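Enquirer: Take the sequences, apply the hints, and build the full model.
The listed protein sequences derive, respectively, from chains A and B. Numbering of the first sequence is given in the working numbering, commencing with residue 1 and proceeding in unit increments. Numbering of the second sequence is given in the working numbering, commencing with residue 1 and proceeding in unit increments.
Worth flagging that the hints you see were computed from the coordinates, not collected in a lab. There may be inaccurate statements among the hints.
A few chain B residues facing chain A, derived, Cβ under 10 Å [said to hold, decoys possible]: (1) 77; (2) 189; (3) 190; (4) 195; (5) 196.
Only pairs whose alpha carbons sit at most 27 Å apart, straight line, appear in this in silico DSS-like list of lysine-lysine [what the hints assert, rightly or not]: (6) 54/A <-> 50/B; (7) 198/B <-> 54/A; (8) 320/A <-> 200/B; (9) 283/A <-> 242/B; (10) 245/B <-> 286/A; (11) 119/B <-> 50/B; (12) 147/B <-> 32/A; (13) 50/B <-> 201/B; (14) 283/A <-> 16/B; (15) 16/B <-> 286/A; (16) 200/B <-> 53/A; (17) 129/A <-> 198/B; (18) 198/B <-> 68/A; (19) 147/B <-> 68/A; (20) 23/A <-> 205/B; (21) 128/A <-> 198/B; (22) 50/B <-> 53/A; (23) 273/A <-> 242/B; (24) 200/B <-> 32/A; (25) 48/B <-> 128/A; (26) 167/B <-> 119/B; (27) 54/A <-> 200/B; (28) 18/B <-> 283/A; (29) 35/A <-> 167/B; (30) 32/A <-> 245/B; (31) 202/B <-> 23/A; (32) 245/B <-> 23/A; (33) 32/A <-> 68/A.
Please read these numbers as outputs of a predicted model, since none were measured by experiment. Glycine included, C-beta positions come from ideal geometry on N, C-alpha and C.
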Amino acid sequence: MPTQTKTKEGMSFSLNEEQELLKQTIRDFVEKEVKPHAASWDEKEEAPLSTIKKLGELGILGMPIDPKYGGSGLDMLSIALVMEELARGDGSLALTVAAHNGLACGHISNFGSEGQKQKYLPELATGKKLGGWGLTEPGSGSDAASMKTRAIKDGDHWVLNGTKMFITNGSIGETFVILAVTEPEKRQKGISAFIIEKEDKGFKAGKKLLKMGMRSSDTSELILEDVRIPDSRRIGEINKGFINTLMILDKGRISIGALAIGLAQASFEESMKYVNQRETFGKLLKEHDVIRFTLADMAVDIDAARLLIYRAATYACEGKSFTLEASMAKLFSSEMAMRVCNKGIQIHGGYGYIREFPVERYLRDAKLCDIGEGTSEIQRLVISRELFKKYGV
Amino acid sequence: MKIVVLVRQTPDTEAKVKVNSDGKTIDPNGITWIINPYDEFAIEKALKIKEQVGSGEVVLLACGPTRSEEAIRQGLAMGADRAVFIKDDKLEHIDPFVTSKFLANELQNIEHDLILSGKKVIDIESSQIPIFVAETLKLPFVTFVMKINEVDFGNKKITVDRESEGKHEIVEAKLPALITCDRGDDHPRYASITGIMKAKKKEIKEISLDSIDLNSLGLSKEDLEKGARTAITNMELPPARKEAKIFEGEIPEKVAALVKALREEAKVI
Ligand SMILES: Cc1cc2nc3c(=O)[nH]c(=O)nc-3n(C[C@H](O)[C@H](O)[C@H](O)COP(=O)(O)OP(=O)(O)OC[C@H]3O[C@@H](n4cnc5c(N)ncnc54)[C@H](O)[C@@H]3O)c2cc1C
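Expert: Laid out in structure tokens, this is it:
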């Protein structure tokens, strides 16, 4: 077993015993309860609610939540480890967890009032209720601050109107964090966050969206028509919603990056198995140099992404600023997953293209990582902006 | 109510085992280690009893090289309360007899109403250790138990269901007793994240080999290296399985060919 050595000159690249145990436990769970079903969940295009419930029992739905509110209180690196392992079994399930944990629970945990935390976090932490987070709208994604959903103050209540788009857990979730404009002329400095409950009058999930990948992760429109809620549902200060959102997204990007790594790892492992079975030109695939080199490239790519994710997550654990590192890690991991999952299919040849083998699903799932929680272009925007700041350009 | 569970770390069932050049031991490189699966059933049964009774303590007892600590932590993460670990890398290759002597010796220092263990360890395919332990401690024991029907700590009685050769036997034993466990209907629980976090803070009491008086256990130093009662003299991997024979053609032809092969080649009919 590698022992954790820390010299003055070097840095440690080993996980500690607790992190190893966490990774192993999730891997065990995924091998037995997730991997064998992922293909049929994808086929049905339905979120596996009974498995999601089991995730709640294990504490996976309360990862960032303080144990005081029934959560597991995990640090960002541990969360990244769990995300990778979940995605190694099923990208969709990992996405369900990412939206619930990182976005919905994360927003309430970080910026909610004591009363809101006591009311909402325990049932989210155990998975009794699933959470969702609504920023994107039909007309605004990358340019999220141009959103149209409006919240107007009416006495000590707010009235919300608008439509949210592409919301993960939209039709299976029960507790939502919704971003809405409170002062239109102030753009991103005029947006606030609210908690909306499924039963709120005037609130409903619109149509379920059918997707290319991540098909057993639920994605819906959310429609708000004169939804009237008390001011106690507002999260954090008025007009601070968007600034808080950027902080939520920094962490969310680490999760999505880790998810991409899990998919790439899965594709790599399937390919490793396959090259030991398939023969062409009188040799096993693994005996062809080109195939060996492809596998080597895949492994290097995956490890490079993993190190970037570990760095960003470690910065987050240490309380350092990690916006740049998280964006770099998310960008590299998502594009890496597309490269690696594509190679995984190529190694499988025709079999890689048919749904009996899982590698085509990994590629379909991986594409989401290029888009969700900030597209790759938006990551490049963030990275260059941070770099210009750093270099005073 | 105190339950002690004997645990051992074994190579993963999926691990590709290689034999060392000495031809007697396995090469530990590249092996992932797991908690012996049958010991996991024992831990699950112990935790269920504790949950039913509503109080008590589940203590893990292990004897092995340093790496075994991972298996112990895993058991603690599942929910066991604490552990005692007879730890030394010299314990890598000891035989079941020596192991049982160490375990029995330590059990005298741990309060127990019931001792559980797996029905066998999957590394050396042995079921001897717990039985030797029970014999040494003069405890009643029941092996291959599928289900613990009832534990009555007040009247010091346990009733269990063991399966043997196609029949079920319901056995009653006086406590303290030792029970070796099969799976039954149990699904060992996954450690929860909170379980894992708590496991770090749970006590693993380490017993060093040096603190044990070998003579008083009737053992010598050589027994540690060569084995006291049994020794592995040679180890080899099973021969690669012969390739399957696939018969081609229409079903009647295939059946005829199969029957012919079973009669003439395999000589089984
Ligand atoms: C499966 C799925 C789940 C999702 N879950 C959620 C969720 O739970 N909550 C939520 O709020 N949102 C969610 N989203 C929305 C997601 O975050 C957005 O789709 C994403 O931010 C991109 O926005 P858009 O789709 O409007 O694309 P657009 O913003 O319209 O972008 C179109 C293209 O233009 C590029 N582009 C845009 N602006 C620039 C620029 N300035 N410079 C260069 N290129 C640019 C983009 O990178 C992209 O390639 C989800 C999306 C999907 C597909």
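Enquirer: Give a verdict on every hint.
Expert: Verification of the hints:
1. 77: Residue 77/B check passes; min Cβ-Cβ to chain A is 6 Å, inside 10 Å.
2. 189: holds, 9 Å
3. 190: holds, 5 Å
4. 195: For residue 195/B, the interface hint holds, since the closest Cβ of chain A sits about 8 Å away, which is under 10 Å.
5. 196: Given a least distance of 5 Å, the restraint on residue 196/B holds.
6. 54/A <-> 50/B: holds, 22 Å
7. 198/B <-> 54/A: Since the Cα atoms of residue 198/B and residue 54/A sit roughly 20 Å apart, the hinted pair holds (cutoff 27 Å).
8. 320/A <-> 200/B: holds, 26 Å
9. 283/A <-> 242/B: holds, 19 Å
10. 245/B <-> 286/A: holds, 25 Å
11. 119/B <-> 50/B: It holds: about 20 Å lies between the C-alpha atoms, which stays within 27 Å.
12. 147/B <-> 32/A: It holds: about 23 Å lies between the C-alpha atoms, which stays within 27 Å.
13. 50/B <-> 201/B: holds, 20 Å
14. 283/A <-> 16/B: holds, 23 Å
15. 16/B <-> 286/A: Holds, at roughly 18 Å.
16. 200/B <-> 53/A: Given that 27 Å is the threshold and the Cα spacing comes to 26 Å, the pair holds.
17. 129/A <-> 198/B: holds, 25 Å
18. 198/B <-> 68/A: This hinted pair holds, its Cα atoms lying about 14 Å apart.
19. 147/B <-> 68/A: violated, 37 Å
20. 23/A <-> 205/B: holds, 25 Å
21. 128/A <-> 198/B: Judged against 27 Å, a Cα distance of about 23 Å means the pair holds.
22. 50/B <-> 53/A: Holds, at about 24 Å.
23. 273/A <-> 242/B: Between residue 273/A and residue 242/B the Cα gap is close to 20 Å, so the pair holds against 27 Å.
24. 200/B <-> 32/A: holds, 25 Å
25. 48/B <-> 128/A: holds, 24 Å
26. 167/B <-> 119/B: Cα-Cα ~17 Å, so holds.
27. 54/A <-> 200/B: holds, 23 Å
28. 18/B <-> 283/A: This hinted pair holds, its Cα atoms lying about 25 Å apart.
29. 35/A <-> 167/B: violated, 36 Å
30. 32/A <-> 245/B: violated, 32 Å
31. 202/B <-> 23/A: holds, 19 Å
32. 245/B <-> 23/A: Roughly 41 Å separates the two Cα atoms, so the pair is violated.
33. 32/A <-> 68/A: Violated, at about 31 Å.
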